[in-house]
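Once you have looked at the hints, place chains V, U, R, S, B and D with the ligands on chain A.
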Amino acid sequence: MTLAIALPILIPLFSGALSVTGWRSRRVQRALAVIGTGLLLLASILLLHAVWQDGFVVMEMGSWPAPFGIVLVADLLAAIMVLLAAITGFATAIYSLSTISERHERFGYYPLLHLLLAGVNGAFLTGDIFNLYVWFEVMLVASFALLILGGERAQMEGAIKYVTLNLVSSAIFLSAIGLLYGLVGTLNMADIAAKLATVDDTGLVNVVAMLFFVAFGIKAAAFPFFFWLPASYHTPQVAVSALFAGLLTKVGVYALFRVFTLIFNISDSLTHAMLVWMAGLTMLTGVLGAAAQFEFRRILSFHIISQIGYMIMGLALAPLSPLALTGGIFYIVHHIIVKANLFLISGLVYCLRGSYELKHLGGLYRDKPWLGILFLVSAFSLAGMPPLSGFFAKFIVIRAGIEANAWWLVATALVVGLLTLYSMTKIWAEVFWKAAPTEDNATRPASGDLRALYATIAALALMTLCIGLGAQPVFELAQRSAEQLLDPSRYIEAVLGERL
Amino acid sequence: METLMAFVIGVLYATATYMMLRRSIVKLVIGLVLLSNAANLLLFTTAGMMRGAPPLVPEGALQPEGPVADPLAQALILTAIVIGFGVLAFAVVLIRRAYDVVRADDINRMKGTDT
Amino acid sequence: MNALTWNIILALIWVGITGDFNLANLLIGLLLGYAILGFALRDQPQFARYVGKLPKLVWFTGFFLRELFTSNLRVAYDVLTPTHHMRPAVIAVPLIAQTDVEITVLANLISLTPGTLGLDVSSDRKVLYLHVMYLDDEQDVRDSIRRLEQRVLDLLR
Amino acid sequence: MITDLIAGLFMIAGTFLMFLAGLGLLRMPDLLMRMHATTKAGAMGIGLVMIGVALHFLEAGVTARVLIIVLFVMLTAPVAAHTIGRAGYFVGVPLWEGMLKDELKGRYDAETHTLASPPEHQNKEP
Amino acid sequence: MNQQSLILRTTGRFLLPLLLLFSLFLLLRGHNEPGGGFIGGLVAAAAVSLHLFVMGTNAARRVLRLTPRDLIGWGLTTGVLSAVPSTLLGEAFFTALWFEITLPLLGELKLGTPLFFDLGVYMVVVGSVLTIVLNLAEES
Amino acid sequence: MPATVIWASYALLSLALIMAFIRLVLGPTLPDRVVALELMASLTVGFIGIYALTTDQPAFLDVGMVLALTAFLAAVGFARYLERGAHRDDH
Amino acid sequence: MLLTVLSGFFVAALAPLVHRHIPPRHSGLLFALFPACLFFYFAQQLPAISAGAMLLESQPWVAGLDIRLSFMLDGLSLLFALLITGIGTFILIYTGRYLGDHPALGRLYALLLCFMASMLGLVLSDNLIGLFVFWELTSITSYLLIGFNHEDAKTRAAALQGFFITAGGGLALMTGLILLGLAGGSFELSQLLSEREALQAHPLFLPMLLLILVGAFTKSAQYPFHFWLPNAMAAPTPVSAYLHSATMVKAGVYLLARLQPALGGNDAWLWLLGLTGAITMLMGVYLASRTTGIKQMLAYSTVMALGTLTMLIGIGTEQALIAAMAFLLAHALYKGALFMIAGVIDFSTGAKDFLQTGGLARQLPITAAAAVGTALSLAGLAPMFGFIAKETMLESVMGAPALAVVFSVAAFLSATLGITIALVVGIWPWFIRRDMPELPTAFRSPGPALLAGPVVLALLGLGFGLLPALPEQALSAAASAAAGHAVVAELALWHGVNTALVMSIAALLLGTLLFCNWGRWRSMTDAGERFARRLGPERLYAMGMEALVRFSAWQTRVLQNGYLRYYLMTTLGTMVVLVMAALSMNLSGIRIAMDFSGVAFYEYVIAAVLAASSIAAVLTNERLGAVAALGALGFTVALTYVMFSAPDLAITQVLVETLTVILLVLVLFRLPGFLKLSSRPLRLLDALTAVIVGGTFTVLILAVTATRYFPSISQYFVEHAVSDGFGRNIVNVILVDFRGLDTLGEIAVLSLAAIGIFAMLKLRSGGQE
Ligand code: NA
Ligand code: NA
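Protein chains in written order, with our numbering: chain A, 33 to 532; chain V, 62 to 176; chain U, 1478 to 1634; chain R, 10 to 135; chain S, 859 to 998; chain B, 137 to 227; chain D, 26 to 794.
No wet-lab data here; the hints were simulated from the structure. If you're wondering where the values come from, they're calculated on a predicted model, not measured in any experiment. Treat each hint with caution, since some may be false.
Claimed, not checked - Below are the DSSO-like pairs computed for lysine-lysine, each with C-alpha atoms no more than 27 Å apart in a straight line:
#1 D:Lys-377 <-> D:Lys-179
#2 V:Lys-172 <-> A:Lys-391
#3 A:Lys-458 <-> D:Lys-179
#4 A:Lys-458 <-> A:Lys-391
#5 A:Lys-458 <-> A:Lys-400
#6 R:Lys-114 <-> U:Lys-1603
#7 V:Lys-172 <-> A:Lys-458
#8 D:Lys-179 <-> A:Lys-391
#9 R:Lys-110 <-> U:Lys-1603
#10 V:Lys-172 <-> D:Lys-179
#11 D:Lys-179 <-> A:Lys-400
Said to hold, decoys possible - Covered stretches of chain A, going by a simulated chain S footprint (3 or more residues, C-beta under 8 Å):
#12 34-44
#13 209-219
#14 288-302
To be verified - Partial chain S-side listing against chain A, Cβ under 7 Å, derived:
#15 Ile-930
#16 Glu-949
#17 Phe-951
Ideal Cβ positions, reconstructed from N, Cα and C, are used throughout, including at glycine.
For reference, chain A alone in the conformation it holds in the complex (with noise of 0.2 Å):
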């Protein structure tokens, strides 16, 4: 089922393009919102199925032979980051359904979604790093697209850093791309690997590897890149928050794990030290930032940073404990799905008092304990309180960190841990145990039919709790998904085939 591979691309891609062609018709859009991501779900699906029975699916677009033409590769890491991106459009789309104005349904909502889509399952599954450029360029012009959509002013001021810094980290990356094509003369990552392999002294490889590791240190909102994320992402509408909560800077940490692990050594001293670097201050600024915050969205927003910062950690400590890989992809399958819930909490809790605004929220609890129950699994889930998916993600962290003698960055993590927590009861005790502070506030009516609202949120929510009830079938995902990435030699073999 080779072909699945390319579905995850070619369905969302041209769903936008029927969603443009029919831009006069809202129920076509709407429509094809659900019916699109739909089909991107079950082509995920089968695509992690297929990568699961046969360790990599490969599919050489339009016959040419790699490293010439373009290949799609998944291994299992890019299977469920395709996964995962499909339960998150699936689930944003039903969310916009009741939640996006028909105001912005009307201004190419739903086609921005789709292609924003594809473009990250581009970048997940191309095995080509000019065409990883080209769809994080596909991503990054949806969002920003997506971003400005309802010009606030807020939202004004939030895309010129956003858009500046991400356009800073493109001319990086394609920079970087040019030094390495002169360098090594191919763009097929698989081939540019087994080239480096044969060289003796990659020195200079070392050195371009750092522009890499900045344009996608800015991407994946890393320390000290991180800046444009707190100031925008609280300012879309909130089914676009989610969607880039959970999956935006994720491509980014992707596009680390991808090249650092396939081409560039990251044994190497100064990568290992700068990552780890990276990770601990990642963490901790993140989680400092959302401390002093008290708006819901923007301390979601900040706590991106923060996990970003753990991701980071099973990065940097790969060499020294496989586990730590391990975890990193067990964090990144348990953020985006908790983060994006929460951000899709904040939109319903919007939806009921009008406010993101702590101080201006309140009584939920009493009024609606069922939100106020899945709003704790998703908040206990990202503070790692166990036994959700949370706390699994950050043992596997922090027992790799302390297989690795890493203790700086295990109390960090520690730490921070913490901090998160005290971030999450913040969000509780103010939004939901707090009395409403205003009887106005209070009674603000519920705009609409907000059962799909639960319904999404509700569904992520089991998610998070299913994955750490049952964590071993995603522990036993992530392993096998970190033990491929370790063995370069495999996916080399996968792309290249006989031609090595």
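Below, chains V, U, R, S, B and D with the ligands without anything else, positioned relative to chain A:
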């Protein structure tokens, strides 16, 4: 020629950086244009530069007669130029709208969303 | 049917007959078609005028190239020598040309000739404003413009 | 060989004209005069260089392209000049003080963007 | 609101078809000579932009007949669809399919999905650039 | 083609390019810069012609073709800007 | 056992639903059936366990991480399980009456049952991580239970404080447990306990121990983490009785006792636990003696008890462990009862402070009787079980292998003050008659549901005191487990006259004296209180939290300051530093060649104009001038492409350049001119940055062009474009065929940009479309 281009491209990166560090949003956009040109030229240079041999096959032939300039790099740059244009267009309109809502060209006044 | 259309159809047929589809052959087709039209249909006024255009065009081109050459020399001299000899002015020249095309062709040709530059046409299309570089003798300039206008109208009407 | 020599001549002439255009652009005292230098010398220069090219190759395909280039340049250069000159005049770029006369002065209406003809021509039928 | 000069207007009227023709020329020969969907599309977009400057946005929209946004949709659809047919024959996505047709005047012609794809590119480029330029011009 | 002719052509064009650029920098008004830009476009076409000739590669003429046809659009754009009475920061 | 734990969660989940359909006065009884059944189940295991058997069962959970749902029932866990289920039964009965009219009672049941299941899981877990999971679950449920009256800000703060401290300790504990598991080669307690030598010889033994202790100490409110416990009294009284005296706070003690065989028996253990325990004991009893809040006093006395238990486990002798188990049981009985009594006083009179009470014996005779009984036990007076526990304790501290004097003095002081507070509890509210204002609320009769717990527990205290053989079996089994080998507890009310008894009598006298001067004692110690308020652990905690918020606000202001300039500066600066560092570390593999050969003069000119136009764009102070400079840049770049054989690129560049100019012109139309916004030094700094960034790229390009490891793969495209791609323009064949996917993405980018721009221009905030 690559050596010469290395310096020229360095100048482009430098000017792009300087422009992006200004407070005026218009200068920011100009910086982005410079940056994208710099990256394209970098790719062009590192792929190796060759005079007078465009990657075209003469009519009736199966291959060019002699060596030709790297067509792959050119295809990549073409893609990058077009992408850069799309992105730039977006950025340009964005600053325009940002100016509309903020009523100032000064980026330092657009910091309401950060803290 | 328009004479030009006929000429093109003939050229295409030529290309079809010879089966050799390229630009050169099409040009040959056009020339042959032109000759045939001039020969076969010379008694019909519509075609006669069409056929008569070519010599006019050739003649006009020659005239214009000469103008171009001489005036270029003058500007070149002025640019190259350290002192400026120009006597610039903006003058209004009344127009005989009426249609958009006539006015435009005239203005463009004027602009292409060194020493004069068509600035704008008044909104009532009565005058053309020119920037002239060497207004040594205003009447002389006006006369040469008028001559050019006449030739243009000859060619176009 | 002969054609090559002629081609060379055309090329030198063309590039020389273009050089003149550059020099004129730099040396002339006001916008309108600079435009004289560039539009024509530029267009002419391209024309000559292109003829040189056509002579050098002596191929129908190349000649056709050369003709098209010359045609396009002849078509667009005066329009560009006109557009800039008009705009420049309209916004009032300073003109050389040695100008003999200016019959256009004051005839643009900034509000309606209309251009009046001089009074002596207004009622005259052409 | 036609305040543009007569000269520009007249030349523009003549240049529009010329540029559009030129753009098609660039599109069609792109597979063999410099040109192609991007370049052709950009020239076409430039042509309509010129028309816009000269004759105003309404006139430019009239020239297009359909909104440029639809052009984007159709172009993207074309692009994606041209990647698919090969899979029906069991090949990978994007595998080119070529077939020769004999036209009465033009003779043997090699057509293939890449050309179809290039057409999609052309449409998207025209549609996108014009969406941008037209809306921006209407704004100012 | 004699090398001196080619050399001279390039030299003349280079000088012209430099002068045009100087005017572009000096201005002083926006229309001056636009004129300089137009000339730079023309010079580019000239360069392309000579280059096509010296390398025996007529393919480069295609670039000249596009340039000849579209470069003036920029001038039209600038003119539109000026005539709309937009904010000007030249002198 | 898995079943018993999971069924707890299951019943908890059902509780709110069931509760809705039953009148509240019966619901408590109904739910109490569940722990009662469990109690009997565990009681049945007692004979086998005390005979030395150990029940093990195991289910895989996350096998790859050695996380299993494995359970072990030995004496220690059994004693705890009995306490949890036994006291839980009475608490549930009590709750039904105490909060009978509360709208959220269903949720309270759910949480209580949830807590009970977690607590059972904790004490039954054999797997370290499984234990930790349940440990954290008790923290979470505790948080939610403390915050039951969540609309009160103080309650929320108290809940957070308790949670934050225990969860923080939990993180340390997790690390410690992971270390323990890794060091011992297994995450199963049943296997680890026999790895004593290996563990204690491990290089990381001390950090491991410290981390585990932090976890245990925070949970069990040891000094200096003790302060959250009295604040947790914001919880409803049944919760305080259950979690914050009888069960959850004992989790830390449980863990210490559990690990004693593996980690104990060394100086570090003795000193750390013994001293911490002793200090906590003294601090607890001292603070208890000077508070007048009923629940506060009980809470502080719980702190005292927890300290005592820690100290005893630290001493670690057989006798000390027996004493610990006896004390644990005695405390659970009397403290559970006392809390319920405090609840009765509150329920019936509304009084929450001793000073509000007095002479209640007439109105609440049964309660008063139960109070006297339990107070006796608290005081450690015969014939209550508390007496036995205290005597054993006093004996064992004197037999400590080290620090015996310190422990003895501490124990004596603690016993003295213990008498005082017992007298306050047992006499003050009931028999002391004073001139008092009206009771806070009208009197309500407690009824049997509220009295069942106190009375039964008080009677048990008496019964075990009179017949110490009754609990002996269970206590021996527990002490054996804590000791790691079989220990037989021989408890008797009368041991003859020994030092311990003498100490007890002295303490009784001194304590009574103090009780008579309770008011003066309180004012005497005010100075200490004032000091604690300024610099005590709670104050430090508050200051720490404040500092956290302030620091994070500061950090955010500094890092996320809103200035794009600074963001860019940081980003690019980091990039340069990293590249430079990498360059300097890899010098051996890097060559740089300066090669200007073959560059024609006009190429220099074009390159110079290219560079100069970018500089012109920077230097001009007109926007349109900058745009014109960009145009010049575009043409020279296009020329470069032409000169180096890229006609398609040149064409594209020219077209894009033209369209860019058009775009800029259309947009700039509305924008104001350039202003010089930055100061001269800033501009210089930026220029320096810019030069460094540019220089970095120059160096990189020079190095790459000089180094080149492999030729490009592009020869393939040159060879196959015509034969397989059917096109002679190789670049175009690559674009539409070889790399069609790139192009597809690229047109997607263009489409997206157009859609985005369309939306941006047409969809205005609030306005029309
Ligand atoms: Na996130
Ligand atoms: Na003239």
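Structure-based check of all given hints:
1. D:Lys-377 <-> D:Lys-179: It holds: about 16 Å lies between the C-alpha atoms, which stays within 27 Å.
2. V:Lys-172 <-> A:Lys-391: holds, 22 Å
3. A:Lys-458 <-> D:Lys-179: holds, 14 Å
4. A:Lys-458 <-> A:Lys-391: holds, 11 Å
5. A:Lys-458 <-> A:Lys-400: holds, 18 Å
6. R:Lys-114 <-> U:Lys-1603: Holds, at about 17 Å.
7. V:Lys-172 <-> A:Lys-458: holds, 25 Å
8. D:Lys-179 <-> A:Lys-391: Distance of about 17 Å is within 27 Å: holds.
9. R:Lys-110 <-> U:Lys-1603: holds, 20 Å
10. V:Lys-172 <-> D:Lys-179: Since the Cα atoms of Lys-172 of chain V and Lys-179 of chain D sit roughly 36 Å apart, the hinted pair is violated (cutoff 27 Å).
11. D:Lys-179 <-> A:Lys-400: holds, 23 Å
12. 34-44: holds (count 4)
13. 209-219: violated (count 0)
14. 288-302: violated (count 0)
15. Ile-930: Because about 5 Å separates Ile-930 of chain S from the closest Cβ in chain A, which is inside the 7 Å limit, the hint holds.
16. Glu-949: Because about 6 Å separates Glu-949 of chain S from the closest Cβ in chain A, which is inside the 7 Å limit, the hint holds.
17. Phe-951: holds, 4 Å
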